Amino acid sequence: MSEPILKVEDVHAFIGKHHILQGVTFDAKADAVTVLIGRNGAGKSTVIRTVMGLIPSSKGKIVYKGSEIHKKKPYEIARMGIGFVPENMGIFAGLTVEENMRVAMLVEDEATTQRLERALDMFADLRKFWKGKAGNLSGGQKQMLAIARAIVNDTALLLIDEPSKGLAPIIVDAVIEAINQIKDHSVVVLVEQNFYMASSVGDYFYIMDDGMVVLSGVMEALVRDEELKSKYLGISKSGD
Amino acid sequence: MEETIFKRWSRELTIAGAIVLFLLPLIGIPGKTYITLTIAGLAMGMLLFLVASGVSIIFGLMDVLNFAHGALFAWGAYVGFTVFGYLMKWVEADSVLQNFAAFSLAIVAAMVVVALVGIVLERVIVRRVYGSHLFQILITFGATIVLVELIRVFWGPNDEVMTVPLTFSRNWDIMDVIINRYRVICIVVGLVVYGVIQLILKKTKLGMIVRAGVEDRDMVQAMGHNIFLLFTGVFAAGAALAALGGLAMSIFSLQVYPDMGGSFLLFAFIVVIIGGLGSITGSLVGALIVGLTYNYVAYLVPWAAAGANIMIMIIILLIRPTGLFSVGK
Ligand SMILES: Nc1ncnc2c1ncn2[C@@H]1O[C@H](COP(=O)(O)OP(=O)(O)O)[C@@H](O)[C@H]1O
Ligand SMILES: [Mg+2]
Numbered sequence: 019m020s021e022p023i024l025k026v027e028d029v030h031a032f033i034g035k036h037h038i039l040q041g042v043t044f045d046a047k048a049d050a051v052t053v054l055i056g057r058n059g060a061g062k063s064t065v066i067r068t069v070m071g072l073i074p075s076s077k078g079k080i081v082y083k084g085s086e087i088h089k090k091k092p093y094e095i096a097r098m099g100i101g102f103v104p105e106n107m108g109i110f111a112g113l114t115v116e117e118n119m120r121v122a123m124l125v126e127d128e129a130t131t132q133r134l135e136r137a138l139d140m141f142a143d144l145r146k147f148w149k150g151k152a153g154n155l156s157g158g159q160k161q162m163l164a165i166a167r168a169i170v171n172d173t174a175l176l177l178i179d180e181p182s183k184g185l186a187p188i189i190v191d192a193v194i195e196a197i198n199q200i201k202d203h204s205v206v207v208l209v210e211q212n213f214y215m216a217s218s219v220g221d222y223f224y225i226m227d228d229g230m231v232v233l234s235g236v237m238e239a240l241v242r243d244e245e246l247k248s249k250y251l252g253i254s255k256s257g258d
Numbered sequence: 004m005e006e007t008i009f010k011r012w013s014r015e016l017t018i019a020g021a022i023v024l025f026l027l028p029l030i031g032i033p034g035k036t037y038i039t040l041t042i043a044g045l046a047m048g049m050l051l052f053l054v055a056s057g058v059s060i061i062f063g064l065m066d067v068l069n070f071a072h073g074a075l076f077a078w079g080a081y082v083g084f085t086v087f088g089y090l091m092k093w094v095e096a097d098s099v100l101q102n103f104a105a106f107s108l109a110i111v112a113a114m115v116v117v118a119l120v121g122i123v124l125e126r127v128i129v130r131r132v133y134g135s136h137l138f139q140i141l142i143t144f145g146a147t148i149v150l151v152e153l154i155r156v157f158w159g160p161n162d163e164v165m166t167v168p169l170t171f172s173r174n175w176d177i178m179d180v181i182i183n184r185y186r187v188i189c190i191v192v193g194l195v196v197y198g199v200i201q202l203i204l205k206k207t208k209l210g211m212i213v214r215a216g217v218e219d220r221d222m223v224q225a226m227g228h229n230i231f232l233l234f235t236g237v238f239a240a241g242a243a244l245a246a247l248g249g250l251a252m253s254i255f256s257l258q259v260y261p262d263m264g265g266s267f268l269l270f271a272f273i274v275v276i277i278g279g280l281g282s283i284t285g286s287l288v289g290a291l292i293v294g295l296t297y298n299y300v301a302y303l304v305p306w307a308a309a310g311a312n313i314m315i316m317i318i319i320l321l322i323r324p325t326g327l328f329s330v331g332k
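Those sequence lines, one after another, are chains C and D. Numbers 19 to 258, taken from the working numbering, label the letters of the first sequence in order. Numbers 4 to 332, taken from the working numbering, label the letters of the second sequence in order.
This is chain D alone, in the form it adopts within the complex (with noise of 0.2 Å):
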């Protein structure tokens, strides 16, 4: 990543502009509303953060445009409402204890399973279209259409309702600010999982050789890698990450319905093309900056929430046609 002083400088200068940015709300939102909405906009970013990681690390590394990450994330978002369904007596106790247990173990579920289809996916089909994206596009939408319709197939083609554990729906009231406590544990979750992508790319040999691999795929060949496996455990991490974030939104927006992953989808892409493809951190501030866009314009000025967002992405792109965090080729 060879960057020179300006790049750097615009850079420092795109965050500073975008903290004032997000002040700026300040003056036509009354203060309480405001942290209310802060929160509720990091939540969404963190879920978003959740979706997009995966798209960007897969471009990054693999050169592929996953399109059937959307149904992936759907998909998580079922297998998470199956074992609410069945652990509903805890989901619905006023436990905490209770509560986290059907929380963490929908979340094992949704992300194995989604693995599991991820890793199928990858070797049937993604495998057999490297290097072109146009029949990537295609293809994984093909695939998009198949898994949407495989939902429809196990668990019917209506929405359903998505219970939140009981204790994660009340709110903390702290000096008449209303915070919910789901939004919180959505951006401790979303925390944790770019601390550990964090570890594992920076402290493990794993992660060194995926991060070799974003920048040169054919030299890390010919260095003895096997550049498959380590394209199918990506892929299977991403899906993975992906089903985490379909069922935390679920939770979040209290229904499951077969498409529900392809307006995500959209929202993630602009988040990747803001962050720079391939790069984590670009992914999380590319998310926040798109959750704490939405919330704020949806409270300001309801009808253009998601037309500012990609107003945003526009503005970036021309200050850098990269993304904010680009990762060199």
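Next comes chain C alone, as it looks inside the complex (with noise of 0.2 Å):
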């Protein structure tokens, strides 16, 4: 078994004076999907978002690719290959899906360009919205924008915080799909509070609740398990 891209080692954090992270440990293991799952309030974003170092850890480490980062700055967390699509989308309303793309795109060489076709492949409606102002974009889109931007890049992981959230069922399974399409060419790690999407594009999970991991696992494991679900995600039956 391969050593893990992302390795998060009790790791607390505050925001104001509230100890949100309690000592999260858990890891991404390469070639899989990592789910994050828990109720509201768990601290599933807050993870991410220290892992991307936009929230400071005040103990534990952060391990991406055998060197810690839990001391760096974002930009550079992000130069060193990790995508992150925020739980807000963090669209740029008064941008086009062009500028939008073009801010993302850390070089424009021949390599990203064409990641940018593969994305704009997967998402067509950003391709028909392309000089169009990206705040007049539906929900669905902003989310598929949010994804595109994230995989432009030469990204070895990428941290995706709920793109299901407020999307209708049919847009859900294109995320998943889409999702399914990126794992090919990336460490995924995933918070997602729909079970239907954890289970269809998760390998391993791990259940957080407020500011710690609870439980962990492979993913099969709680599919099958309904005493786990219901325990934990107040799920009664399985979800599909």
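What the hints contain is simulated information worked out from the structure, not anything from laboratory work. Just to be clear, a hint being listed does not mean it is correct.
Some chain C residues flagged as far from chain D (calculated, every beta-carbon gap over 12 Å) [as the list claims (entries may be wrong)]:
1. Gly41
2. Gly59
3. Gly84
4. Lys91
5. Ala186
6. Val232
Only pairs whose alpha carbons sit at most 25 Å apart, straight line, appear in this in silico DSS-like list of lysine-lysine [to be verified]:
7. C:Lys149 / D:Lys92
8. C:Lys146 / D:Lys208
9. C:Lys146 / C:Lys183
10. C:Lys151 / D:Lys208
11. C:Lys79 / C:Lys90
12. C:Lys25 / C:Lys201
13. C:Lys151 / D:Lys92
14. C:Lys83 / C:Lys25
15. D:Lys35 / C:Lys146
16. C:Lys89 / C:Lys35
17. C:Lys35 / C:Lys77
18. C:Lys47 / C:Lys90
19. C:Lys77 / C:Lys149
20. C:Lys90 / C:Lys25
21. D:Lys35 / C:Lys149
22. C:Lys89 / C:Lys77
23. C:Lys47 / C:Lys25
24. C:Lys151 / D:Lys205
25. C:Lys35 / C:Lys90
26. C:Lys91 / D:Lys208
27. D:Lys208 / C:Lys149
28. C:Lys47 / C:Lys91
29. C:Lys91 / C:Lys25
30. C:Lys183 / C:Lys249
31. C:Lys47 / C:Lys77
32. C:Lys47 / C:Lys201
33. C:Lys201 / C:Lys183
34. C:Lys89 / C:Lys47
35. C:Lys91 / C:Lys35
36. D:Lys92 / C:Lys146
Keep in mind that this is a model prediction, so the values were computed, not measured. Where a beta carbon is used, it is the ideal one built from N, C-alpha and C, also for glycine.
Quick one: dock chain against chain with the hints and give me the complex.
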């Protein structure tokens, strides 16, 4: 078994005076999708933002491809090949779709242009509204733009925070399809509340509660275990 | 910038209303005087724009309230004053070419020196107070005191007379309407600066990143852009614009003095609030509103000139609390 690309070890983080992360430990294995699950307010977004360097960690270690990144600045972390799709999508509403993509493109070389084409083939609507204001896109299109921006660079790890949030079921299926394509190129850490989506794309899961990981394992096991699901996720029937 | 139809209309209505308001003084002002006042107002507006645009973009991108902008304005004037001192032959020559050479060199020197001062200011002081408006206000007020004291040390505490390049001081007389050349130069300089800023913001990748940063700083960082380098650059550019404004203003008012930035900064903040924080076009429109109002009202009801602008600011804030051209956060 290969070394995990990302290792989060006993990470603590504060927002203001609040001790939000109270020793989070998880890792993201290569060639897999790791899903963070857990009720609202469990600290899933905070973990992702801490890995990205947007929230400082007060204790613990974050190791990416063998080097410690928890003291680095967000732009340094991004430049090491980590892509980020935040919970609110972080679309630049006043910029066009094209400008959003260009801001995301760290270099505009041939390889990047090829990845851009690949992303636009995946999300045809972005091509359609290429010159339009990103703020005028629908929720699903904004999510697609957010994902496209994150995969246009040569990213080895992609952090995606609740991409299904607020989307219609048919669009959720499109996002699932996209993530299944992306995982051929990049390791994915996905925060997801929607168990249908989590189980459709996930290989490994970590359940978080109160700023800690309370349970982890292989996704298939969770899918089969009704008792666990109802205990931690409030799901009574298998979600498909 | 998600705008509802109502909001869009309220902007158009406000602009239409403003145009009507600006023709209104014609009732009380003879036509020729009105034109002269309008040109004076546009010129003053352009100078305000130079200062306000820096304040606005620095706030928009960095969320920093920079009260030291007035001191940078004064520094620009003094650097220009020194350059004029060295080039007095060209300044006083009856030659458009030599006058322009002196003017251009003074502008370049003022902008470069003050941009460097801005870089030091941002790196040493402002960087420490990101995120806290209260500390920003206190610390940039402190920086203002230091920068103004430094002017007294380097250039002396007294008012100095600023020279207008000879050919700039003359008037054009077009069908009995007296038009001061230097005012026209100020208007042109302002328009050129506006055009260059827009070009950079809209057409270059750097400009796109700055606009993106005004909307969502964290996201721009998480995309791999060194936001701190961007902050320093934008701060330096804002400082250089303040310097240009200060130099142009000192020629306009024929004097330099250490405190000259103070009252001008108040007007610049009124402009930024009217125009909408973070918007360059807003700064331009706001500045022209303030400049024109000041001149019309000063002619009609001299004692009310400054108050009229504060009234306008309050009215606009009541109609559009985020200013005429607000940028979505
Ligand atoms: N900006 C903030 N200020 C104060 N508390 C916050 C802030 N952001 C998140 N929190 C708190 O941190 C906890 C974890 O939030 P979050 O990571 O967003 O949870 P999740 O993504 O799992 O829903 C919550 O209790 C939330 O109230
Ligand atoms: Mg969340």
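#### Entry: Structure versus earlier hints, numbers of those that do not hold, lowest first
4, 7, 13, 15, 19, 21 and 36
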